[in-house]
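Starting from the known structure of chain A, fit chain B onto it as the hints suggest.
Chain by chain, the residues:
Protein chains: 2
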Amino acid sequence: MAIIMSIKIGILGYGNLGRGVEAAIKQNPDLELTGVYTRRSPDSLKINTEGVAVRSTAELEAGRDDIDVLIICGGSATDLPEMTPKYAALYNVIDSFDTHANIPSHFANVDKAAKKGGKIGIISCGWDPGMFSLNRLYASAILPEGKDYTFWGKGVSQGHSDAIRRIAGVVDARQYTLPVEASVNAVREGKNPEFTTREKHTRECFVVVEDGADKAKIENEIKTMPNYFADYDTTVHFISAEEMKRDHSGLPHGGSVIYSGTTGEGNNHVIEYSLKLDSNPEFTGSVLAAYARAAYKLNNEGVSGAKTVFDIAPAYLSAKSDEEIRSHLL
Amino acid sequence: MAIIMSIKIGILGYGNLGRGVEAAIKQNPDLELTGVYTRRSPDSLKINTEGVAVRSTAELEAGRDDIDVLIICGGSATDLPEMTPKYAALYNVIDSFDTHANIPSHFANVDKAAKKGGKIGIISCGWDPGMFSLNRLYASAILPEGKDYTFWGKGVSQGHSDAIRRIAGVVDARQYTLPVEASVNAVREGKNPEFTTREKHTRECFVVVEDGADKAKIENEIKTMPNYFADYDTTVHFISAEEMKRDHSGLPHGGSVIYSGTTGEGNNHVIEYSLKLDSNPEFTGSVLAAYARAAYKLNNEGVSGAKTVFDIAPAYLSAKSDEEIRSHLL
Chain A
1 MAIIMSIKIG
11 ILGYGNLGRG
21 VEAAIKQNPD
31 LELTGVYTRR
41 SPDSLKINTE
51 GVAVRSTAEL
61 EAGRDDIDVL
71 IICGGSATDL
81 PEMTPKYAAL
91 YNVIDSFDTH
101 ANIPSHFANV
111 DKAAKKGGKI
121 GIISCGWDPG
131 MFSLNRLYAS
141 AILPEGKDYT
151 FWGKGVSQGH
161 SDAIRRIAGV
171 VDARQYTLPV
181 EASVNAVREG
191 KNPEFTTREK
201 HTRECFVVVE
211 DGADKAKIEN
221 EIKTMPNYFA
231 DYDTTVHFIS
241 AEEMKRDHSG
251 LPHGGSVIYS
261 GTTGEGNNHV
271 IEYSLKLDSN
281 PEFTGSVLAA
291 YARAAYKLNN
301 EGVSGAKTVF
311 DIAPAYLSAK
321 SDEEIRSHLL
Chain B
331 MAIIMSIKIG
341 ILGYGNLGRG
351 VEAAIKQNPD
361 LELTGVYTRR
371 SPDSLKINTE
381 GVAVRSTAEL
391 EAGRDDIDVL
401 IICGGSATDL
411 PEMTPKYAAL
421 YNVIDSFDTH
431 ANIPSHFANV
441 DKAAKKGGKI
451 GIISCGWDPG
461 MFSLNRLYAS
471 AILPEGKDYT
481 FWGKGVSQGH
491 SDAIRRIAGV
501 VDARQYTLPV
511 EASVNAVREG
521 KNPEFTTREK
531 HTRECFVVVE
541 DGADKAKIEN
551 EIKTMPNYFA
561 DYDTTVHFIS
571 AEEMKRDHSG
581 LPHGGSVIYS
591 GTTGEGNNHV
601 IEYSLKLDSN
611 PEFTGSVLAA
621 YARAAYKLNN
631 EGVSGAKTVF
641 DIAPAYLSAK
651 SDEEIRSHLL
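One line per chain: the protein sequences are A and B, in this order. The numbers in this note's numbering rise by one with no breaks, and the one at position 169 of the first sequence is 169. The numbers in this note's numbering rise by one with no breaks, and the one at position 212 of the second sequence is 542.
Chain A with its partners taken away, still in its complex shape (with noise of 0.2 Å):
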């Protein structure tokens, strides 16, 4: 047997996701998680690791010797364009950076950093982009000839839940985003359809508002609004904040990616992979876990610069030798 050496993992941001990456961890002896960093001020977090310290993100700047891994669990709006380039000069980093149209960029500034440090920058990974991006690539390039179709849910959707939320008179809202079940099924049936965005999912609101606030007028503008809203049917429910604490409020979610493929004189291949997913962070969380496996592998073996799941041989992620994943998972 190979003796574990731990890997020693910093988490920066303590939301959902840096406590699903905290849970992640402790399910993986070959992991250790050695510090929480926070730009809040460290006294006012109480985190669920036992004798782990918590820290200022200040501490991060001089490059410290217990962190082989950095695992960044900030926004993707404003966070991680400025995080993971930074930080990836001095560590290897993973984060979960998901504004699609900015993935390039993103890649070049992490890249020029990594490979500066001689550090690995993983950008992009979790579920999807993540899981569901390794999915369209592996079917995509099995069966050319053929076509990729996503859908999410049933799961609860942060941005939209925060959009509602911003509505005058409304207290607190969740958000759940459904796939259009007759949709997937003509998928599946390997039919190839074209979908309008009302065709493939639904909108599903629970929403507390003020009291007397105008239920009509939420509503309405809930359903209307750009974007978000209007291009989906929306359901509104108004329910009693008790309600929204007992029903709402995990964070489930999951989907699909199911592709669709001909081959030879027209033999019809359909994979499909879903996800069910009782907790959105948590199983996010497992999979940056896993990646940080792989980071510290590659850069153990001389690699740096950035990279997604598409650059990372799958047995990086287990915490078994090749001989054993050959023995009892080929």
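Keep in mind that the hints were calculated from the coordinates and are not lab data. Source: prediction; values computed, not measured.
Calculated lysine-lysine pairs in the DSSO-like style (CA-CA distance at most 30 Å, straight line):
#1 B:Lys442 x B:Lys416
#2 A:Lys297 x B:Lys445
#3 B:Lys627 x A:Lys112
#4 A:Lys200 x A:Lys215
#5 B:Lys530 x A:Lys154
#6 B:Lys627 x A:Lys116
#7 A:Lys86 x A:Lys26
#8 A:Lys320 x B:Lys530
#9 A:Lys320 x A:Lys26
#10 B:Lys484 x A:Lys147
#11 B:Lys442 x A:Lys297
If you anchor each label on the Cβ, the simulated ranges turn out as follows:
#12 B:Ser371 x A:Ser105: 52 to 62 Å
#13 B:Arg518 x A:Lys115: 36 to 46 Å
#14 B:Ser657 x A:Glu32: 28 to 38 Å
#15 A:Lys217 x B:Glu511: 43 to 53 Å
#16 B:Asn515 x A:Arg39: 39 to 49 Å
#17 B:Glu475 x A:Thr235: 29 to 39 Å
#18 A:Ala182 x B:Arg518: 18 to 28 Å
#19 B:Phe525 x A:Pro29: 26 to 36 Å
#20 A:Arg39 x B:Asn432: 49 to 59 Å
#21 A:Thr235 x B:Ser435: 53 to 63 Å
#22 B:Glu524 x A:Asp214: 55 to 65 Å
#23 A:Asn48 x B:Arg528: 40 to 50 Å
#24 A:Val303 x B:Ser435: 22 to 32 Å
#25 B:Ser386 x A:Pro29: 51 to 61 Å
Just so you know, even glycine gets a beta-carbon here, dropped at the ideal spot from N, CA and C.
Chain B in isolation, oriented as in the chain A frame:
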């Protein structure tokens, strides 16, 4: 735009799988079939690609310049253990070796030969082993506290069909393996059940017999055949040769890998990868073609030795550039 250089492919063995690889090559403009190699008399073979030579395997002996990757489409029982190491010394090779217990020794033999020749030898490629293996690995690396289940079917098992054909009085046979839907659903619900062999799959047989054959005796011989049928609920249908030809000449297959794991305080996650294939050999051939591209690229980078799907970064499978896949598939 990068200039697409053709990767020159040889196919060794021209049965169902060889023809499946041939069909796949036609869909990939960067792959070019330069020869089909056979142990039969080359004159006896008529292939589906105009202008491509059929040659004797003897012509492979000296090492040919017109093969970048040799795809070996032989049987796992006796062909591949001998062929893959032999040709790995001379060519980049790929096989679909699927005798699970012998993977470690096959890997070692191919590794030794391939390293000596400075070539790549990818073994056990296809969908199981292959794409299913990848999904077992990714899922277990992400969710270490969980369990994987593999279900096969509905699909034709060639080995079981052959076993029936060996019974006296049987003219032809086709055996379908079917997953037990209730068991699949129990796994999907995250119940982590334990199954007996009988609880996971059933077997359905379509059999053509000689005139005057004792059907009751044949049915009993099938149902009690050790290893193949005795541990399963098996159904036998006697049909005419015409019905066999009309209804059972395809080679569909498929199945699913379902992984159920937990994180945090009992949050459950279900990952499901499923295939529904009209033609098992054409899909398997398409996987081999994509990995042929990977073998070529890796060897061009100076990599040699035995590899499996676990060792190969997904980007190597694609004909598209890294920039393109990051922009469109991530």
